[in-house]
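Student: If you read the sequences in order, they're chains F and C. The first sequence: position 74 = 74 (my numbering), numbered continuously. The second sequence: position 206 = 206 (my numbering), numbered continuously.
Check before you lean on any hint, since a few could be wrong.
Quick list of in silico lysine-lysine cross-link-like pairs, BS3-like style, CA-CA up to 27 Å [to be verified]:
no.	chain 1	residue 1	chain 2	residue 2
1	C	K224	C	K53
2	C	K53	C	K275
3	C	K275	F	K2
4	C	K71	C	K334
5	F	K2	C	K220
6	C	K67	C	K224
In short, the hints are calculated from the structure, not lab data. Bear in mind the structure is a predicted one, so any value in this text is a computation, not a measurement.
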Amino acid sequence: MKLDEVPQDQSSTYGGHSKLVYAVDARGQYQGAQSDGWEPEAFATQLAVAALQEQEAEALAAWQAGQQSPLKCLMYRYRLDEPALAQITGLWQWRIRRHFRPTIYRRLSAAILARYAEAFGLPAAQLIAYQKDPV
Amino acid sequence: MSSFEQPFQHRQSAHCESGVMASLLTHAGLPMSEPMAFGLASGLAFAYLPIVKLSGMPLIAYRMPPKHLIKTLSKRLGARLHSRTFGNPEQGRRELDGLLDSGRLAGLQSSVFWLPYFPPEMRFHFNAHNLLAYGRDGNDYLISDPVFEEPVRCAAEDLQKARFAKGALAAKGLMYWLDQVPLEQDWNQLIRQSLLSTTRILDGMPLPWIGIRGIQHLAKQIEKLDPAQAKYNRLYLTHIVRMQEEIGTGGAGFRFMYASFLQEAGEKLGDATLKEASARLTAIGDDWRQFASACVRASRNKGEAPNFAPIAESLRAIALQERGLMQELAAWSKRKG
Numbered sequence: 001m002k003l004d005e006v007p008q009d010q011s012s013t014y015g016g017h018s019k020l021v022y023a024v025d026a027r028g029q030y031q032g033a034q035s036d037g038w039e040p041e042a043f044a045t046q047l048a049v050a051a052l053q054e055q056e057a058e059a060l061a062a063w064q065a066g067q068q069s070p071l072k073c074l075m076y077r078y079r080l081d082e083p084a085l086a087q088i089t090g091l092w093q094w095r096i097r098r099h100f101r102p103t104i105y106r107r108l109s110a111a112i113l114a115r116y117a118e119a120f121g122l123p124a125a126q127l128i129a130y131q132k133d134p135v
Numbered sequence: 001m002s003s004f005e006q007p008f009q010h011r012q013s014a015h016c017e018s019g020v021m022a023s024l025l026t027h028a029g030l031p032m033s034e035p036m037a038f039g040l041a042s043g044l045a046f047a048y049l050p051i052v053k054l055s056g057m058p059l060i061a062y063r064m065p066p067k068h069l070i071k072t073l074s075k076r077l078g079a080r081l082h083s084r085t086f087g088n089p090e091q092g093r094r095e096l097d098g099l100l101d102s103g104r105l106a107g108l109q110s111s112v113f114w115l116p117y118f119p120p121e122m123r124f125h126f127n128a129h130n131l132l133a134y135g136r137d138g139n140d141y142l143i144s145d146p147v148f149e150e151p152v153r154c155a156a157e158d159l160q161k162a163r164f165a166k167g168a169l170a171a172k173g174l175m176y177w178l179d180q181v182p183l184e185q186d187w188n189q190l191i192r193q194s195l196l197s198t199t200r201i202l203d204g205m206p207l208p209w210i211g212i213r214g215i216q217h218l219a220k221q222i223e224k225l226d227p228a229q230a231k232y233n234r235l236y237l238t239h240i241v242r243m244q245e246e247i248g249t250g251g252a253g254f255r256f257m258y259a260s261f262l263q264e265a266g267e268k269l270g271d272a273t274l275k276e277a278s279a280r281l282t283a284i285g286d287d288w289r290q291f292a293s294a295c296v297r298a299s300r301n302k303g304e305a306p307n308f309a310p311i312a313e314s315l316r317a318i319a320l321q322e323r324g325l326m327q328e329l330a331a332w333s334k335r336k337g
């Protein structure tokens with residue numbers, strides 16, 4: 001990559017920052033150069049974010065309709081999936097999937113909810129409040 | 001380290017781990033560029049790990065696993081690396097404060113997701129990010145995060161959460177610092193040793209998922225994509241691009257950074273072979289960028305069925321070129337060793 005080929009596509013995914021890439025000048029000498037975005041890379045990032053948002057929206061609708069507990073929606077909102085949430089909380093994946101059922105969720109102990117709360121970075125009281133009052 | 005040392009200078013880097021090491025060494029009096037730190041630690045690699053899943057996708061790595069750079073580089077340079085993890089987060093915080101108050105720099109491993117200074121779209125659950133703490137001010141830590149342009153601040157609670165985030169690659173508060181960095185180095189020996197090691201990683205592993213064979217394996221996977229699974233294909237191809245470009249690689253999955261190392265090494269030793277190898281790797285890096293663009297192009301058009309064969313073919317061509325380069329570098333590093 002030559003210095004004048006370093007992309008400056010002002011990608012929103014960089015959040016106004018620039019990152020460093022390495023490129024050669026006209027004499028072939030390497031230098032660090034700042035890039036404020038590369039469109040193909042931003043497309044890839046946005047696609048991944050959109051996939052998570054889509055899953056979150058589906059889970060939110062199911063939660064509001066009373067078909068699912070809030071856990072699934074929160075899981076996607078905090079950019080997790082089942083294996084990742086299982087690793088963080090130390091719960092088996094099948095238990096987590098079971099906790100997605102509203103009736104099971106309402107009976108969960110404060111200790112289990114505290115594990116989820118820590119994974120999401122939320123106060124445990126908020127998850128307890130969801131037990132009584134859906135949404 | 002002397003007690004009347006220079007104030008710490010932040011330097012932006014492409015990659016977190018090589019950036020932290022370059023800064024630590026430079027601060028200790030051994031000037032070191034990021035590409036040099038990356039190259040001397042034999043950081044370049046390729047691995048396709050279908051068993052390790054990231055949001056349901058295989059892990060595709062263009063470099064050695066986390067902590068490899070820190071360990072390998074301190075060992076090769078003969079510097080003393082102290083590193084500690086903590087079962088008790090509160091103790092981790094106290095020890096960090098103690099280290100900073102004694103005027104040292106502390107390398108830290110942390111999660112990206114819980115660092116509030118990261119832009120929201122970059123915040124994914126990746127626990128093996130590296131940064132440097134160089135001081136404290138009230139409730140804030142003064143942080144030199146290598147991938148940022150300027151030093152940043154981070155509130156104590158946030159840093160604590162990021163250091164002790166659980167999950168895959170959990171840092172457990174890992175904190176490290178360097179001592180007794182020898183300022184005299186045998187560069188010829190170091191460069192040969194690190195090059196030989198890289199050629200063995202990229203083209204000497206009897207495993208189908210590592211190095212050149214890993215690249216060929218990825219090509220096969222792309223060729224095998226079922227055109228009917230449009231959604232999965234798009235996520236798969238863009239996942240490759242993210243692994244290659246998004247996660248702080250300096251462009252083309254560390255190939256440009258390594259080419260910069262080869263150039264610097266060639267200048268240091270006055271060796272034309274290395275400089276020529278650098279130019280070749282730059283061209284290979286350009287091919288990697290083309291490959292990334294092609295992956296995104298195939299994911300973009302929703303209407304027509306994309307043709308994956310040419311993308312896989314371009315990847316195979318890259319693999320062959322890297323193999324040729326590695327063979328030449330291996331011969332060079334043994335020739336005059």
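Student: For each hint, tell me whether it holds in the structure or not.
Tutor: Going through the hints against the structure:
1. A threshold of 27 Å between alpha carbons decides the hint, and for K224 (chain C) with K53 (chain C) the separation of about 19 Å falls inside it, so the pair holds.
2. Between the alpha carbons of K53 (chain C) and K275 (chain C) the distance comes to roughly 38 Å, so the proposed pair goes past 27 Å and is violated.
3. Restraint check for K275 (chain C) and K2 (chain F): satisfied, since their Cα atoms lie roughly 16 Å apart, inside the 27 Å limit.
4. For a cut-off of 27 Å, the pair hint linking K71 (chain C) to K334 (chain C) stands: about 24 Å separates their Cα positions.
5. Distance restraint check for K2 (chain F) and K220 (chain C): the Cα-Cα separation of roughly 30 Å exceeds the 27 Å cut-off, and the hinted pair is therefore not satisfied.
6. Simply put, K67 (chain C) and K224 (chain C) have alpha-carbon atoms about 34 Å apart, too far for the 27 Å limit, and the pair is violated.
Comparing the model with each earlier hint shows violations of hints 2, 5, 6; every other hint is respected.
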